[in-house]
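Participant: Sequence:
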Amino acid sequence: MASLTFAVVGATVSNSDVYKSSRAPKQDFEKDVRKNEYLEVGVWQIPDLIKIDKGGEDTYFISVDGYSFGVFDGVGGWAKKGVDSREYSYKLSQSCKMVADEKKIKDPVQILSLGYEAAKGTIGSTTACVVSIQEKQCLGANLGDSGFLIIRNNKVLFRSEDQQFSFNFPYQLGSNSRNTPSQAATSKHSLRPGDIIVLSTDGVLDNLFPEDILQIISSEKAQPAQIIAKKIAQGAFSKSQNRNIMVPFGVNAKAQKGYDYMGGKADDITALVCKIRE
Numbered sequence: 001m002a003s004l005t006f007a008v009v010g011a012t013v014s015n016s017d018v019y020k021s022s023r024a025p026k027q028d029f030e031k032d033v034r035k036n037e038y039l040e041v042g043v044w045q046i047p048d049l050i051k052i053d054k055g056g057e058d059t060y061f062i063s064v065d066g067y068s069f070g071v072f073d074g075v076g077g078w079a080k081k082g083v084d085s086r087e088y089s090y091k092l093s094q095s096c097k098m099v100a101d102e103k104k105i106k107d108p109v110q111i112l113s114l115g116y117e118a119a120k121g122t123i124g125s126t127t128a129c130v131v132s133i134q135e136k137q138c139l140g141a142n143l144g145d146s147g148f149l150i151i152r153n154n155k156v157l158f159r160s161e162d163q164q165f166s167f168n169f170p171y172q173l174g175s176n177s178r179n180t181p182s183q184a185a186t187s188k189h190s191l192r193p194g195d196i197i198v199l200s201t202d203g204v205l206d207n208l209f210p211e212d213i214l215q216i217i218s219s220e221k222a223q224p225a226q227i228i229a230k231k232i233a234q235g236a237f238s239k240s241q242n243r244n245i246m247v248p249f250g251v252n253a254k255a256q257k258g259y260d261y262m263g264g265k266a267d268d269i270t271a272l273v274c275k276i277r278e
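With UniProt numbering, letter number 254 in the sequence shown gets 254, and the count goes up by one each step, no holes.
No lab work stands behind these hints, which were simulated from the structure alone. There may be inaccurate statements among the hints.
Said to hold, decoys possible - With a straight-line Cα cutoff of 27 Å, these simulated DSS-like cross-link-like pairs (lysine-lysine) come out:
| id | residue 1 | residue 2 |
| --- | --- | --- |
| 1 | Lys97 | Lys231 |
| 2 | Lys120 | Lys54 |
| 3 | Lys97 | Lys155 |
| 4 | Lys26 | Lys155 |
| 5 | Lys103 | Lys81 |
| 6 | Lys26 | Lys81 |
| 7 | Lys97 | Lys26 |
| 8 | Lys221 | Lys104 |
| 9 | Lys31 | Lys254 |
| 10 | Lys81 | Lys31 |
| 11 | Lys26 | Lys136 |
| 12 | Lys103 | Lys35 |
| 13 | Lys106 | Lys54 |
| 14 | Lys31 | Lys257 |
| 15 | Lys104 | Lys155 |
| 16 | Lys106 | Lys136 |
| 17 | Lys188 | Lys136 |
| 18 | Lys257 | Lys35 |
| 19 | Lys120 | Lys80 |
| 20 | Lys80 | Lys103 |
| 21 | Lys54 | Lys97 |
| 22 | Lys104 | Lys35 |
| 23 | Lys136 | Lys103 |
| 24 | Lys106 | Lys80 |
| 25 | Lys80 | Lys31 |
| 26 | Lys104 | Lys231 |
| 27 | Lys35 | Lys221 |
| 28 | Lys221 | Lys54 |
| 29 | Lys80 | Lys155 |
| 30 | Lys81 | Lys106 |
| 31 | Lys188 | Lys97 |
| 32 | Lys103 | Lys31 |
| 33 | Lys81 | Lys104 |
| 34 | Lys120 | Lys103 |
| 35 | Lys35 | Lys120 |
| 36 | Lys104 | Lys80 |
| 37 | Lys120 | Lys136 |
| 38 | Lys231 | Lys221 |
Bear in mind that the values here come from a model prediction, so they are computed numbers and not experimental data.
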């Protein structure tokens, strides 16, 4: 069963009722901004057009203090089994938020591990990328093909690596999955004033090359974190709707599987931006 779950990652069923509604509420991302003396965090989401009624299957969290945050991409293949992929993604994201808020934990693997335990019993699976800021360091834990970048002086200082069994077949947490939070790729980086951290689901990373993200940040750096996140999400959405361009998804399809794939990749899009104050 695990391989079946993995094999349907990214599948779509346009007429399925699970794309029309969800028991997991939509997130009010436009009001979800955190600011303190050290950083500013904002997020923007654009759901896949066929999932717009329920808000898509991406979810996120930002801790109350703004020092921990994460993005989660619910595995769409569950729709073939009549399961709403948003429910597990949302449950895990909010369980992680609860851990960060109530237990004051800053280790992203521990946040993910305790959130994972709390989410057991909810059917579905999701990728996960969790980042915490502690003592002027960025601590990251990424499992699957969501991810994060650290931008410094308009250059990519760090980019997390995808974790995939094969092309479009990512590591994931949840029902029937062999993966656990301990398998997340971890990293630690010292931060400097002016650094920008970008977390995103593959709806961004499959449609924007790193240089595309750098170009957006370069032109919008003076803007609030949420505006930068919005511009990144809009840039990814624009590319996803263009059938005449080459995007990272197409490049990887050719390189890893020999597939010829032209055009953007329609998907749920989530971009979360953290600006370290200068």
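Participant: Each hint: holds or not?
Facilitator: Each hint tested on the structure:
Annotation: proposed proximity of Lys97 to Lys231 holds, straight-line Cα distance about 25 Å (limit 27 Å). For the proposed pair Lys120 and Lys54, the alpha carbon gap of about 22 Å is at most 27 Å, so the pair holds. The straight-line distance between the Cα atoms of Lys97 and Lys155 is roughly 30 Å, outside the 27 Å bound, and the hint therefore fails. Between Lys26 and Lys155 the alpha-carbon distance is near 34 Å, which puts this suggested pair outside the 27 Å criterion.
Only pairs whose Cα atoms come within 27 Å are accepted, and Lys103 paired with Lys81 is rejected, the gap being roughly 35 Å. Restraint check: the Cα-Cα separation between Lys26 and Lys81 comes to about 22 Å, which is no more than 27 Å; the hinted pair holds. A hinted pair counts as satisfied when its Cα atoms are at most 27 Å apart, and Lys97 with Lys26 qualifies at roughly 16 Å. Between Lys221 and Lys104, the direct Cα distance comes to roughly 30 Å. Violation of the 27 Å bound is thereby established for this hinted pair.
Taking the CA atoms of Lys31 and Lys254, the gap is about 40 Å. The hint is violated against a cut of 27 Å. Distance check on the hinted pair: Lys81 and Lys31 sit about 34 Å apart at the alpha-carbon level, beyond 27 Å; violated. For the suggested pair Lys26 and Lys136, the alpha carbons sit about 32 Å apart, so the restraint of at most 27 Å is broken. Restraint check: the Cα-Cα separation between Lys103 and Lys35 comes to about 21 Å, which is no more than 27 Å; the hinted pair holds.
A distance of roughly 31 Å separates the Cα atoms of Lys106 and Lys54; the hinted pair therefore is violated under the 27 Å criterion. A hinted pair counts as satisfied when its Cα atoms are at most 27 Å apart, and Lys31 with Lys257 does not qualify at roughly 41 Å. Distance hint between Lys104 and Lys155 is unfulfilled; the C-alpha atoms sit about 32 Å from each other, more than 27 Å. Taken as a hint, the Lys106 and Lys136 pair is honoured in the structure, with Cα atoms around 12 Å apart against an allowance of 27 Å.
Straight-line distance between C-alpha atoms of Lys188 and Lys136 comes to about 10 Å, which keeps the hinted pair within the 27 Å bound. As the CA atoms of Lys257 and Lys35 are separated by approximately 43 Å, the hinted pair breaks the 27 Å bound. Restraint check: the Cα-Cα separation between Lys120 and Lys80 comes to about 21 Å, which is no more than 27 Å; the hinted pair holds. A distance of roughly 37 Å separates the Cα atoms of Lys80 and Lys103; the hinted pair therefore is violated under the 27 Å criterion.
Restraint check for Lys54 and Lys97: satisfied, since their Cα atoms lie roughly 21 Å apart, inside the 27 Å limit. Note on Lys104 and Lys35: the hinted pairing holds, with a Cα-Cα distance of about 18 Å set against a maximum of 27 Å. Among the hinted pairs, Lys136 with Lys103 is consistent with the structure: their alpha-carbon atoms are about 20 Å apart, no more than 27 Å. Between Lys106 and Lys80 the CA atoms are separated by roughly 36 Å; this puts the pair beyond 27 Å, and the hint is violated.
For a cut-off of 27 Å, the pair hint linking Lys80 to Lys31 is broken: about 33 Å separates their Cα positions. Of the pairs offered as hints, the one joining Lys104 and Lys231 is violated, with about 31 Å between alpha carbons and a cut-off of 27 Å exceeded. For the hint pairing Lys35 with Lys221, the CA-to-CA distance comes to about 16 Å; that is within 27 Å, so the pair holds. Between Lys221 and Lys54 the alpha-carbon distance is near 32 Å, which puts this suggested pair outside the 27 Å criterion.
With a C-alpha separation of about 41 Å, the suggested pairing of Lys80 with Lys155 is violated against the 27 Å cut-off. Only pairs whose Cα atoms come within 27 Å are accepted, and Lys81 paired with Lys106 is rejected, the gap being roughly 36 Å. For the suggested pair Lys188 and Lys97, the alpha carbons sit about 21 Å apart, so the restraint of at most 27 Å is met. The hinted pair formed by Lys103 and Lys31 meets the criterion: a straight-line CA distance of about 24 Å does not exceed 27 Å.
Our distance criterion of 27 Å between C-alpha atoms is broken by Lys81 and Lys104, whose separation comes to about 37 Å. This hinted pair checks out: Lys120 and Lys103 have alpha carbons roughly 19 Å apart, not beyond 27 Å. Distance restraint check for Lys35 and Lys120: the Cα-Cα separation of roughly 32 Å exceeds the 27 Å cut-off, and the hinted pair is therefore not satisfied. Distance check on the hinted pair: Lys104 and Lys80 sit about 38 Å apart at the alpha-carbon level, beyond 27 Å; violated.
At roughly 33 Å between alpha-carbon atoms, Lys120 and Lys136 are farther apart than 27 Å, so this suggested pair is violated. Between Lys231 and Lys221 the CA atoms are separated by roughly 11 Å; this keeps the pair inside 27 Å, and the hint holds.
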